[in-house]
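Trainee: Sequence:
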Amino acid sequence: MDLTSFPMSKQTQTLQKQTQTSENFYDVYKQNVEKYFENAVDSVPQNLQSFASIQLEWYNAWKTTVISVISLQKEFAAKTGINTDIPEAAKTAIVDANKQIIKAKSVQNQIVQATASAIQKNIQTWNNSAGAFTDLNKNILQSWISTFTQPKN
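For the sequence shown, counting from 1, position 101 maps to 102 in the numbering used here; every step adds exactly one.
Derived from the structure by calculation, the hints contain no laboratory data. Quick caveat: nothing in here was measured; it's all calculated off a predicted structure. Note that the Cβ used here is the ideal one computed from N, Cα and C, for glycine as well. A portion of the hints provided could be inaccurate.
Unchecked claim - Straight line, CA to CA, 25 Å or less: simulated DSS-like cross-link-like pairs of lysine-lysine:
id, residue 1, residue 2
1, Lys-64, Lys-36
2, Lys-104, Lys-92
3, Lys-100, Lys-75
Said to hold, decoys possible - Quick list of simulated restraints, FRET-style, between CB atoms:
id, residue 1, residue 2, range
4, Ile-124, Lys-80, 57 to 63 Å
5, Lys-122, Lys-80, 56 to 62 Å
6, Glu-24, Asn-140, 25 to 31 Å
7, Ser-130, Lys-64, 41 to 47 Å
8, Lys-122, Val-96, 47 to 53 Å
9, Ala-98, Ala-78, 29 to 35 Å
10, Thr-148, Ile-124, 49 to 55 Å
11, Ile-83, Lys-122, 53 to 59 Å
12, Glu-39, Lys-75, 51 to 57 Å
13, Ala-91, Lys-64, 21 to 27 Å
14, Lys-122, Ser-72, 45 to 51 Å
Let's have the full structure, built from the sequences with the hints guiding it.
Mentor: The following block contains the structure:
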């Protein structure tokens, strides 16, 4: 008995159509790519917060360590009678060097911000151009298809 001769119910036809649609490689691929990027975009704020928190913890730990070492060395010098007086020229050199280090760090931060901004603008340009490239590629593809396919009579 051939079951293909029996008419299908509307529900069966709809289910069959959904199955056929969902089995299209490109539709399935596109759906999964969209889900991936939705998830990736949703995690950006959390990741940025985590990285910022780690960086702040690192600076705090570093500062605490350096301050502790200074304190320990100062106590050692006091208990052993080591003279810790510093000449004015050395003090000036240390303070001036620290000012230059802070300025360099500020310039470094400005470079990082400018670079990040330029990268973001380049990515935006790429994203804005993607549609135009897709249209161009579609036109090229259509031209090739029409050139290499025989018209059906």
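Trainee: Are the hints correct? Go through all of them and say.
Mentor: Results for each hint:
no., hint, in the structure
1, Lys-64 - Lys-36, "violated, 42 Å"
2, Lys-104 - Lys-92, "holds, 18 Å"
3, Lys-100 - Lys-75, "holds, 23 Å"
4, Ile-124 - Lys-80: 57 to 63 Å, "holds, 59 Å"
5, Lys-122 - Lys-80: 56 to 62 Å, "holds, 59 Å"
6, Glu-24 - Asn-140: 25 to 31 Å, "holds, 29 Å"
7, Ser-130 - Lys-64: 41 to 47 Å, "holds, 45 Å"
8, Lys-122 - Val-96: 47 to 53 Å, "violated, 39 Å"
9, Ala-98 - Ala-78: 29 to 35 Å, "violated, 21 Å"
10, Thr-148 - Ile-124: 49 to 55 Å, "violated, 35 Å"
11, Ile-83 - Lys-122: 53 to 59 Å, "holds, 56 Å"
12, Glu-39 - Lys-75: 51 to 57 Å, "holds, 55 Å"
13, Ala-91 - Lys-64: 21 to 27 Å, "holds, 23 Å"
14, Lys-122 - Ser-72: 45 to 51 Å, "holds, 47 Å"
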